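Asks: So you can see what is in the structure, the chains are spelled out below.
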Amino acid sequence: MIKTKELTKHFGQIKAVDTLNLHIKQGEIFGLLGPNGAGKTTTVRMLNTLTLPTSGMAEINGLDVVREANKVKQIIGVCPQELNLDRELTACENLRIHGLLYRMQAIEERITELLEWCGLSSRAHNLLNTFSGGMQRRLLVTRSIMHRPKVLFLDEPTVGLDPQVRRQIWNLIRDLKRQGVTILLTTHYIEEAELLCQRVGILSYGKLIALGTPEELKSKVGHFVVESIDDGVTNYRLFDSREEAYKFAEERTDDVLIRESNLEDVFIKLTGERIEK
Amino acid sequence: MNFYPIFLREMLIFKGRLLRVGYLFSNMITPLLYLITFGLGLGRGISIEGISYLMFVVPGICAMSSMTNSYTWIATSISVGRLHFKTFDEYQVSPVSATDIMLGEVLSGVVRGLFASSLILIAGAIFGVGFPQSPIFLLILVLNCLIFACFGVISGFWAKSHEDTSTFSNFFIMPMAFFCGTFFPIDKLPEFIKGFLYFLPLTHASNALRASFLGQEVNLISVGIMFAIFAVCFYWGVVTIRRSNR
Chain S
1 MIKTKELTKH FGQIKAVDTL NLHIKQGEIF GLLGPNGAGK TTTVRMLNTL
51 TLPTSGMAEI NGLDVVREAN KVKQIIGVCP QELNLDRELT ACENLRIHGL
101 LYRMQAIEER ITELLEWCGL SSRAHNLLNT FSGGMQRRLL VTRSIMHRPK
151 VLFLDEPTVG LDPQVRRQIW NLIRDLKRQG VTILLTTHYI EEAELLCQRV
201 GILSYGKLIA LGTPEELKSK VGHFVVESID DGVTNYRLFD SREEAYKFAE
251 ERTDDVLIRE SNLEDVFIKL TGERIEK
Chain B
1 MNFYPIFLRE MLIFKGRLLR VGYLFSNMIT PLLYLITFGL GLGRGISIEG
51 ISYLMFVVPG ICAMSSMTNS YTWIATSISV GRLHFKTFDE YQVSPVSATD
101 IMLGEVLSGV VRGLFASSLI LIAGAIFGVG FPQSPIFLLI LVLNCLIFAC
151 FGVISGFWAK SHEDTSTFSN FFIMPMAFFC GTFFPIDKLP EFIKGFLYFL
201 PLTHASNALR ASFLGQEVNL ISVGIMFAIF AVCFYWGVVT IRRSNR
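As you go down the protein sequences, you meet chains S and B in turn. Residue numbering for the first sequence is 1 to 277, as defined by UniProt numbering. Residue numbering for the second sequence is 1 to 246, as defined by UniProt numbering.
Watch out, some of these pointers could steer you wrong.
[As the list claims (entries may be wrong)] Facing chain B, according to a computed beta carbon distance under 7 Å, are these residues of chain S, among others:
1. Asn48
2. Leu50
3. Thr54
4. Met57
5. Asn70
6. Pro80
7. Asn84
8. Leu101
9. Glu250
10. Glu251
11. Arg252
12. Asp255
Worth flagging that the hints you see were computed from the coordinates, not collected in a lab. Please read these numbers as outputs of a predicted model, since none were measured by experiment. All residues carry an ideal CB built from backbone N, CA and C; glycine is no exception.
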């Protein structure tokens with residue numbers, strides 16, 4: 001559904017995205033994971049036609065994002081990182097304008113259906129500037145799928161939200177997957193990528209440094225982690241089995257923490273840096 | 001053609017602001033101050049070209065007010081939407097064309113400019129200068145709004161920060177507001193300045209508005225020049241929007 005070949009974007013001397021090759025299947029939730037500035041948003045902006053690639057190519061449903069940008073726009077939904085709803089309009093008006101931009105039929109019915117879906121029916125006629133951050137985020141996701149896109153880009157959909165609202169957003173995303181929407185999700189939250197995504201690509205300084213299911217990635221680096229503090233610095237040691245981890249821990253005289261590994265450990269192992277700084 | 005959602009959005013925002021107490025008043029205050037200071041205060045007893053100064057200045061302030069309102073509304077809406085709230089991205093990722101965006105924005109600027117001008121005309125009527133009778137007056141007023149709404153789009157896109165739009169306003173819009181035959185006839189100025197002013201759209205707008213306001217014959221060359229400026233600026237705006245989408 002989404003295909004990129006050697007996709008590259010330079011901003012002056014900086015290589016924001018460097019020869020990215022991706023192939024995302026229909027109906028899949030694919031996660032791009034990486035710290036801030038890794039090139040996730042630039043990748044998404046190239047795919048949703050907002051930024052021109054420096055070189056390489058990208059296709060969505062067989063349509064070139066540069067040459068056939070207008071056709072691409074018809075079949076994609078974009079949920080940006082910024083809450084870019086109109087604050088001086090009501091929830092209903094925000095959705096109505098979106099529907100008109102995409103020349104939709106039966107807009108009012110769709111608005112009613114969607115506000116129910118995201119649980120904001122009672123706020124339909126309230127101005128957006130009276131909405132909490134979480135409510136705005138829910139409406140933002142809702143607006144991005146209003147015109148029934150085949151492919152949805154979710155750029156950091158839960159950034160800055162409290163755990164309860166995050167879960168609400170995750171439920172909406174899972175429901176969209178059930179409806180068969182192909183989703184490209186960027187995040188720097190490890191938990192989010194592990195919970196939602198079938199496959200994950202890890203970006204660091206514009207390069208794709210790992211690709212696979214969360215399980216595959218974790219088994220590559222080891223399933224168990226022993227965290228210890230040596231000279232004030234936290235060290236992470238990865239082990240394939242619980243027994244090996246125990247054995248190592250027993251030899252230590254100080255306190256250590258044994259836990260199952262996660263995608264952050266994969267990232268640390270590959271780059272020596274943390275994702276959630 | 002699908003400019004309606006863009007136009008509708010601006011109109012809904014405008015309607016919302018009109019309902020807010022104080023908005024209408026704060027928008028009226030500057031042109032009313034000009035009208036009272038120059039028309040009733042300074043200009044009392046003065047006559048220009050055989051008419052009372054108030055008669056002279058009302059169409060001038062109308063030209064000025066339609067210009068600043070069309071321009072500022074659009075320039076601010078676009079620069080803030082692009083740079084701050086990112087609401088403009090919503091248009092850029094949707095399948096509307098640059099021409100649709102341009103048309104929707106410019107038409108909303110016209111509504112805004114006409115609204116402000118009608119307040120001036122009402123105030124003028126209250127002070128006793130009457131309403132304009134000629135339909136040409138409305139045509140020229142709309143044309144003036146169109147031109148400056150186009151400038152609003154262009155400067156809204158050109159701006160790298162919100163301050164940039166006021167820079168453009170200070171160097172371009174404000175001088176025009178004072179020199180283009182709005183408060184005094186430009187014949188009294190030295191030749192080289194007159195020649196320069198002839199290239200500015202507001203000179204033609206205020207001359208043509210005044211002529212039609214007073215029931216005199218409108219200089220068709222002025223109207224032609226305004227049409228030409230509008231056509232060029234509209235095209236320029238479409239190109240600017242198209243390029244910004246990258």
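Asks: Work down the list of hints and note, for each, if the structure agrees.
Replies: Do the hints match the structure? See the list:
no.	hint	in the structure
1	Asn48	holds (5 Å)
2	Leu50	holds (6 Å)
3	Thr54	violated (12 Å)
4	Met57	violated (16 Å)
5	Asn70	holds (6 Å)
6	Pro80	holds (6 Å)
7	Asn84	holds (4 Å)
8	Leu101	holds (4 Å)
9	Glu250	violated (54 Å)
10	Glu251	violated (54 Å)
11	Arg252	violated (50 Å)
12	Asp255	violated (47 Å)
Hint violations for this structure: numbers 3, 4, 9, 10, 11 and 12, all remaining hints satisfied.
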